[in-house]
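Visitor: Position chain B against the provided structure of chain A, taking the given hints into account.
There are 2 protein chains.
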Amino acid sequence: MARARPSGEETLIARYFKPLATEPGAFNLVDDAAILNVAGEDVVVTADAIVEGVHFLPQDPPDTVARKALRVNLSDLAAKGAIPAGFVLTLALRSADEAWLEPFARALGEDAATFGCPLLGGDTVSTPGPLMIAITAFGRVPAGSMVRRSGAKVGDRVVVTGTIGDAALGLDILKGGPIAKALADDLGGRREMLIARYRIPQPRNALARVMRGHASAAMDVSDGLAGDLAKLCAASGVSAAIDVSSVPLSATGRKLLAGGAIGIEAIVSGGDDYEILCAISEHCYESFAQQANQAGIAVTTIGTVIAGSANPRFLDAQGAELTLRRHSYSHF
Amino acid sequence: MARARPSGEETLIARYFKPLATEPGAFNLVDDAAILNVAGEDVVVTADAIVEGVHFLPQDPPDTVARKALRVNLSDLAAKGAIPAGFVLTLALRSADEAWLEPFARALGEDAATFGCPLLGGDTVSTPGPLMIAITAFGRVPAGSMVRRSGAKVGDRVVVTGTIGDAALGLDILKGGPIAKALADDLGGRREMLIARYRIPQPRNALARVMRGHASAAMDVSDGLAGDLAKLCAASGVSAAIDVSSVPLSATGRKLLAGGAIGIEAIVSGGDDYEILCAISEHCYESFAQQANQAGIAVTTIGTVIAGSANPRFLDAQGAELTLRRHSYSHF
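Residue numbers (this note's numbering), protein chains in the order written: chain A, 1480 to 1811; chain B, 1480 to 1811.
It is worth saying that the hints were derived from the structure and are not from the lab. It is possible that some hints are incorrect.
[Stated by the list, open to error] Partner residues aside, some chain B positions facing chain A, computed with beta carbon under 8 angstroms:
hint, residue
1, E1488
2, P1498
3, A1512
4, E1520
5, V1524
6, W1579
7, L1580
8, L1598
9, L1599
10, P1607
11, A1737
[Said to hold, decoys possible] Chain A is nowhere near these chain B residues, computed Cβ spacing over 10 angstroms in every case:
hint, residue
12, I1562
13, T1615
14, R1619
15, G1692
16, P1727
17, L1736
18, N1772
19, G1775
20, A1777
Predicted, not measured: the structure shown is a model, and the values here were computed from it. Ideal placement from N, C-alpha and C gives every residue a C-beta, glycine not left out.
Same shape as in the complex, but just chain A (with noise of 0.2 angstroms):
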């Protein structure tokens, strides 16, 4: 199978942004994230914005809003390698409702706190349209040190933190689909699991020493596991085989796969992970895994690297290869 297509936002990016990123740290636009070097150490630089209706629900908490907004730019942050330093802040409101505002800052303000990532400056401004928040969070790096998009190697370990799926899942629950009803008497608290999983991201920001250490290519998860690998290997100039089943998938994940709930294809294209992808080289995967798990954050090994421009082959159990129709989220 060839590389699938890039998606219409990298194909708008590559066509009318790309020529504009002149400088060595912009990595021509397909790393998660730029470099401002300062008198010999690196400013890794990322920026991410969240939509009403797009990233978030209308419906969501204001708290939880504000939780997403910044926590999506912490998980750049940390598979990059880097240590948050700040982050400024682009708000667009309609309004200035306070019953809104205030559980937002607060909750900014509590994780802000929680991750070293203090509220340098921003802009607020009035729109007629949908909430919009965009972050540009910053974090720190030795020189030279932030881990790339584009260093897989053939023959490394393709790895992923936590479970993957979980968001995409709670999204349905949210948006009334199919798990919703699957899930309607449920009175385990496994509905509210996958919402939280959607509404409030965790970022692996303990793991940014170790990946600094030990990945050789490395990215998060935000857009769906088989685009967001696609990409890496595109930029590593490699390719994948994944064994479907060794995705790791949680408890209730697990069941509802199982059940016939959802397919794989939901799990492994829907987006909202932000857990991260990487690629771990066989003789650095033992001290990898046993820092990680000093981190307490589960790691599993998907598959592996392997030589070629094909799309990463995503291969069940009998070895059979998936086709993913849509490999996962693309905003055009």
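Guide: Using the frame of chain A, we list chain B on its own:
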């Protein structure tokens, strides 16, 4: 006159977000930029967003929208004495419209090259609402040398660059207001000059180094001279007396004012000037004016910093105080 009540926007920021600004480099969110200190050098960080229908008009050409989006940030860097180092772009679009994106990206690239401020990265998202361009820009200054809002001293001159009010007149024309009627038969390009001043700010980056060596305090005039001066005075714990007849106007602005097509209030409280407003001590002024002249930028003394916590006073040629119903633009 007591200090004008803070705008809704300032109240919102002070109430909800100031408690989050725990870093010294955030300046309690009362400056135009923040500082990220890296290995002893300072990176000046500023964020300004523009929203369709709020900061630019739906019919504004895409190349002017691009230039405005970047230049409102460059203007902040200029006022702070910082040399541009790069920017990240968050672009919220309804669709990937090539006829809009192509000229937008081209003009953005031209300005990035002209001002030495390359694109470092960003995020492109879809929105069902108005277009929004949120830029975070970075500049460099030697450690500790960023020009603050808060340094104005009693006795300093109050100085502005360029001319004031033209952009507000340009906006009036685009909205079909009284200036549109006054210049309906204009054949001399004055309409176009004023519209260009609204659409394409001329940030004073050529003055950045001069600012560092001379200004006690500075900011750019974006929301209106009167309101922005009030902010600078409040941050510095001083007041000011402004001689309204000294406020520099373009020939067209002067003529429209003399003909009664516009009042002085609309000029000193109109927004979008993107000139630098600063306080310069008497003993620095001659050197400042000389170096500004060498840089090709007109500077004009419009008044004096005085003691007190009252709102700055705007005095006419007879020494009578103008009553300003509106000091500047506030989003809320």
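Visitor: For every hint, state whether the structure bears it out.
Guide: Okay, the hints, checked on the actual structure:
Below 8 angstroms, beta-carbon pairs count as interface contacts, and B:E1488 has one with chain A at about 6 angstroms; its hint therefore holds. Because the beta carbon of B:P1498 sits about 6 angstroms from the nearest beta carbon in chain A, less than 8 angstroms, this interface hint is met. Taken as an interface hint, B:A1512 checks out: its beta carbon lies about 7 angstroms from the nearest beta carbon of chain A, inside 8 angstroms. A hinted interface residue such as B:E1520 counts as satisfied when its beta carbon comes closer than 8 angstroms to some beta carbon of chain A; here the least separation is about 4 angstroms, so the hint holds.
Taken as an interface hint, B:V1524 checks out: its beta carbon lies about 6 angstroms from the nearest beta carbon of chain A, inside 8 angstroms. Checking B:W1579 against chain A by beta carbon gives a least distance of about 10 angstroms; that is not within 8 angstroms, so the hint is violated. A cut of 8 angstroms between beta carbons decides the hint on B:L1580: the least distance to chain A is about 5 angstroms, and the hint holds. Taking 8 angstroms as the C-beta contact cut-off toward chain A, the hint placing B:L1598 at the interface holds, the least distance being around 4 angstroms.
Proximity of B:L1599 to chain A holds as hinted, the smallest CB-CB distance being about 4 angstroms (cut-off 8 angstroms). With a least beta-carbon distance of about 6 angstroms to chain A, the hint placing B:P1607 at the interface is held under the 8 angstroms criterion. Because the smallest distance between the Cβ of B:A1737 and any Cβ of chain A comes to about 35 angstroms, over 8 angstroms, the interface hint for this residue is violated. The Cβ of B:I1562 lies farther than 10 angstroms from every Cβ of chain A, with a closest approach of about 12 angstroms, so its non-interface assignment holds.
Non-interface status of B:T1615 relative to chain A is broken: a Cβ of that chain comes within 10 angstroms, the nearest being about 4 angstroms off. Distance to chain A contradicts B:R1619 as a non-interface residue, since its nearest Cβ pair spans about 7 angstroms, not more than 10 angstroms. Consistency note on B:G1692: stated as away from chain A, and its beta-carbon is indeed over 10 angstroms from all of that chain's, at 21 angstroms minimum. In this structure B:P1727 is separated from chain A by more than 10 angstroms, as the shortest Cβ-Cβ distance comes to about 27 angstroms.
The Cβ of B:L1736 sits about 29 angstroms from the closest Cβ of chain A, beyond the 10 angstroms cut-off, so the non-interface label holds. Under the 10 angstroms C-beta cut-off, the non-interface status given to B:N1772 relative to chain A holds; the minimum distance is some 32 angstroms. At roughly 26 angstroms from the closest C-beta of chain A, the C-beta of B:G1775 stays outside 10 angstroms, upholding its exclusion from the interface. Separation of B:A1777 from chain A is adequate, the least Cβ-Cβ distance of about 28 angstroms exceeding the 10 angstroms criterion.
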